[in-house]
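Let the hints inform the model, and build the full structure from the sequences given.
4 protein chains.
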Amino acid sequence: MSTDSQSLHTVTQPQVYETKLRVRYAETDQMGVVYHSNFIVWFEVGRVEMMRQLGFTYNEMEQQEGQHLAVADVRCRYKAPARYDELLLIRTHLMNVRDSLVHFGYEILRDEDGTLLAEGESVHLVLDRDFKRTRLSPRYLPAFLKAAGRR
Amino acid sequence: MSTDSQSLHTVTQPQVYETKLRVRYAETDQMGVVYHSNFIVWFEVGRVEMMRQLGFTYNEMEQQEGQHLAVADVRCRYKAPARYDELLLIRTHLMNVRDSLVHFGYEILRDEDGTLLAEGESVHLVLDRDFKRTRLSPRYLPAFLKAAGRR
Amino acid sequence: MSTDSQSLHTVTQPQVYETKLRVRYAETDQMGVVYHSNFIVWFEVGRVEMMRQLGFTYNEMEQQEGQHLAVADVRCRYKAPARYDELLLIRTHLMNVRDSLVHFGYEILRDEDGTLLAEGESVHLVLDRDFKRTRLSPRYLPAFLKAAGRR
Amino acid sequence: MSTDSQSLHTVTQPQVYETKLRVRYAETDQMGVVYHSNFIVWFEVGRVEMMRQLGFTYNEMEQQEGQHLAVADVRCRYKAPARYDELLLIRTHLMNVRDSLVHFGYEILRDEDGTLLAEGESVHLVLDRDFKRTRLSPRYLPAFLKAAGRR
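Protein chains in written order, with the numbering used here: chain A, 1 to 151; chain B, 1 to 151; chain C, 1 to 151; chain D, 1 to 151.
It is possible that part of the hints are untrue.
All copies of an identical chain are treated as equivalent in the list; a pair is satisfied when it fits inside any one copy or across any two copies.
Straight-line C-alpha distance at most 20 Å; calculated SDA-like pairs for lysine to any residue [said to hold, decoys possible]:
| no. | residue 1 | residue 2 |
| --- | --- | --- |
| 1 | LYS146 | GLN30 |
| 2 | LYS132 | ARG77 |
| 3 | LYS146 | ASP99 |
| 4 | LYS20 | LEU87 |
| 5 | LYS132 | ARG83 |
| 6 | LYS79 | ARG129 |
FYI, nobody ran anything at the bench for these hints, they're computed from the structure.
The following block contains the structure:
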């Protein structure tokens, strides 16, 4: 997975956007911890709440602008188990933004003591209504660039 | 939930359509058994495979005829836990069919010994492409009526 | 499903306990609305948050007292679709409590305009560490009785 | 993610183990395709069926030997969307096996025409009953080594 987000003209740091959620019983498995694919769903919660904090919603991006962020690559490294009823902190940042690609990074921590439970990333292609590759609408690109720490 | 499927002109019994599936680890929870909402997903597997055995697919019903079977009511009674890696037998039958309503019944059994794990039912409204209530297409109604044990 | 919670000695109304959640993309399906089994998971969120508001957690009930509330029966009636990114209000109340049985009722509403999307109920058996039927611990019974509108 | 499975003493190729599954409606999302986290669940189906073909089950590995394969790292690259009701072919192979680590690789293809939909990998740590790192039981190690193309 490319991690070339630290290009020369990056002068500010990427912002980190936070949200919290509580582990549901449905998300546990018989090992007594959270089943691993749920972290991938929580990444989605992280990036959606990031966009809300950036001033728009992924919902309007899809419904009004017809722009989809289709997942091309996702990765998660598990550090410690998440357990039922724990309050989790999802920290999301932008690793890279290009015309037709958005690369998010995530950390998932136990809120109570700040233990890092998992970290990951996802690469998304920008698609139009016909699911063809397209460029990020000028309506959203500046906000993404700013979040990525670029002007 | 109405169970008035035994109307006077019913002369044959409803057919039972069977399919099998194996419990996934993802479907268990920290009690060490299957989380209960997964049975509702398995009901879906049961009715979809019933339709395939009736000679059509729910996929073509949606894509070609624009007919959706929207769930209006679902119920499940749990008799015994389902466990990881067990092979399950899903038995589906039609409890009632009317112009714009289809009522399925289900039994979920452990395949190995025939133990009944759960039984349930779901009522579906027939919707058109605009999600307005409509009548079952004549392409499907006869098969549903036959499955329900009616001519 | 029995709804005989209005017994003669009920002099107060059951309390309603509220919590909110936002619909995740993962919870939608290709009809463009929430897949119906997710409401059953949201019922779980509702009753867990009810218990937290009653002064204890389901987690400690399981971990410390070894008491499980195993689902014996669940039902959901769907009134209107839930959609992606909507904020939902889950309203939970106790329909009945007996020594070894707890019966919850639920309403799920769109928070923005109060539209009722679904209503349902679930019956739970109280099980001990060995998954044998047992009585609700005196540590929890009074809170449940009070929530049910009984002394 | 390390891919150093082609060590010098590898003289045979890793075997590929196949299983099929059909996409459930519950697995789709409002883009009309499968929600991406479900591929991670299908990877689990792939490795579980691989083990069954190797002559044991993951269930007995957990229940009898008290050995868990805890996910430490998972990655999925998406090539083409999976759609409702499609029959999928899951191809699983072992990328690496060491005393206390198992590294699986996966390909998910549309069965009808062999189109590659996604490929991925997962790294698992071997844990004992107390969730402490341990070595693969001699009961399973030879089968894993053979599957990895080593003696």
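Hints the structure fails to honour: 1
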